[in-house]
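Asks: Heads up: the sequence lines are chains Z and A, in that order. Here the working numbering is used: the first residue of the first sequence is 1, the next is one more, and so on. Here the working numbering is used: the first residue of the second sequence is 1, the next is one more, and so on.
It is worth saying that the hints were derived from the structure and are not from the lab. Cβ coordinates follow ideal geometry from the N, Cα and C atoms, glycine included. Relax, there's no trap hidden among the hints.
Each pair of labels, with its calculated beta carbon distance range:
#1 Z/ALA45 to A/VAL97: 45 to 51 Å
#2 A/ALA89 to Z/ARG90: 36 to 42 Å
#3 Z/PRO141 to A/ALA68: 40 to 46 Å
#4 A/VAL99 to Z/ALA70: 57 to 63 Å
#5 A/THR98 to Z/ALA45: 47 to 53 Å
#6 Z/PRO120 to A/GLY61: 22 to 28 Å
#7 Z/LEU123 to A/LEU91: 53 to 59 Å
#8 A/LEU87 to Z/ILE80: 34 to 40 Å
#9 Z/GLU91 to A/LEU91: 35 to 41 Å
These are the residues of each chain, in order.
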Amino acid sequence: MGPDASDLSLVRRVQRGERGAYDLLVLKYQHKVVKLVMRYLRNPADAEDVAQEAFVKAYRALPQFRGDSAFYTWLYRIAINTAKNALAARERNPVSYELDLQNSDESSDMVSRLKDPETPEGLALTEEIRDTVNHAIEQLPEDLRTAIVLRELEGMSYEEIAASMDCPVGTVRSRIFRAREAIDRRLREVFDGGLGRTEELV
Amino acid sequence: MIQDEVESQLSAMFDGELPQTECELLSRRIDRDENLRARWSRYALIGAAMRSEPVATARSGFARRVSAALRGAEHQPRLARGRKMLLSAALSASLVVTVAGVSISLLRGAAVDLGAGTVARTLGASGAAAGALPQAPTAGGQDAAILAHGAAAASVAAVRRGGNGEPVSYVTPVSMASGNTALRTELADLIVAHSEYSTPLMRRNVLSALVSNEDAADGASPGATATGMPANSPAAAFDATTAASTASR
Chain Z
1 MGPDASDLSL
11 VRRVQRGERG
21 AYDLLVLKYQ
31 HKVVKLVMRY
41 LRNPADAEDV
51 AQEAFVKAYR
61 ALPQFRGDSA
71 FYTWLYRIAI
81 NTAKNALAAR
91 ERNPVSYELD
101 LQNSDESSDM
111 VSRLKDPETP
121 EGLALTEEIR
131 DTVNHAIEQL
141 PEDLRTAIVL
151 RELEGMSYEE
161 IAASMDCPVG
171 TVRSRIFRAR
181 EAIDRRLREV
191 FDGGLGRTEE
201 LV
Chain A
1 MIQDEVESQL
11 SAMFDGELPQ
21 TECELLSRRI
31 DRDENLRARW
41 SRYALIGAAM
51 RSEPVATARS
61 GFARRVSAAL
71 RGAEHQPRLA
81 RGRKMLLSAA
91 LSASLVVTVA
101 GVSISLLRGA
111 AVDLGAGTVA
121 RTLGASGAAA
131 GALPQAPTAG
141 GQDAAILAHG
151 AAAASVAAVR
161 RGGNGEPVSY
171 VTPVSMASGN
181 TALRTELADL
191 IVAHSEYSTP
201 LMRRNVLSAL
211 VSNEDAADGA
221 SPGATATGMP
231 ANSPAAAFDA
241 TTAASTASR
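Kindly produce the complete structure, drawing on both the sequences and the hints.
Replies: Rendered as structure tokens:
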């Protein structure tokens, strides 16, 4: 089962009334959708609000989703339209931002800037995530690296990977899990090592 | 060991390779396990980083906020439905009250108008008849009296309402056994009703005249009045009332 098929499996569960499955789709695509919306709305807080609105709209429209396209392609269109509408509304009703300099707290401001993906610190975090992941993959044993690359880059199903690597499907599942665990361990170190708790990603 | 198995299932579920029954069980577990949620989110981040996809790390609790917004969106239609039902009930109630109020006002207005119009006609007719009375009752005067009689009865009927036939805006005089006095009572009712729009002095005069006239009528012959008009004629009754009123002053 490829990535699209795994999303479709979650979508079908949502359509059957299992809202927890939609929560998993949100967790899965929140980073991409927020980043996408930020192309239109530079303010990170606004971008998150619009991304949240896009997810709510997508949920409402999900009963009509037939699976003709990939779920993310469909979600991408909704997010783009929501961002464009928000931008148009803002141009019609421009809001003036007032800075409360008297109540500004330097330490809390620093924390918020670290979480801010558009700030240099946020961009550095994104870059560091990428470097860490790539470095962790390079250090993986060959069989684990092959399994995770075939899965994540080639989008192959476990069965296809098993056929390609000439091993049982159970072994593929185990290899992919162990590869992810090794990468995730390094990733947690990045977050725990000064750029915030890992729960902040949730 | 069990945790490893759960995390292995999580990885397989992330790839859509976990059997449906296991997915449902694991989903329930993920919903209440922040560690599994964070891991699921990082798996997505790992894949995106491998594919060099642009990502932004959303602030803490983004998915929870979406979930809360969805719960709010689900409750909204219910609240809106309830509010709509309440509003329609209130509208219906206010409509009923308004219609009832307007109906009562219209009925009262019609009764009073009718009464006032009738009295005005009666007064006009009586005045004409009174002018002709010293010589002889004219045909026109009789017609006016008959008309006034009919209109008075109609107006009294309009003023009266309810099962017991009690008038709304004034007190019913003591009923008399005689048919003639009953007619005068009705006419007096009409006058009193009309006197709501008259001066207090006029009203008092009319009432006192009515009382004295009734006393006089009871003592006189039932067939005729002092003016020679039939006792059951409203014009005569009014004339007698006016005469008594003048005498009382």
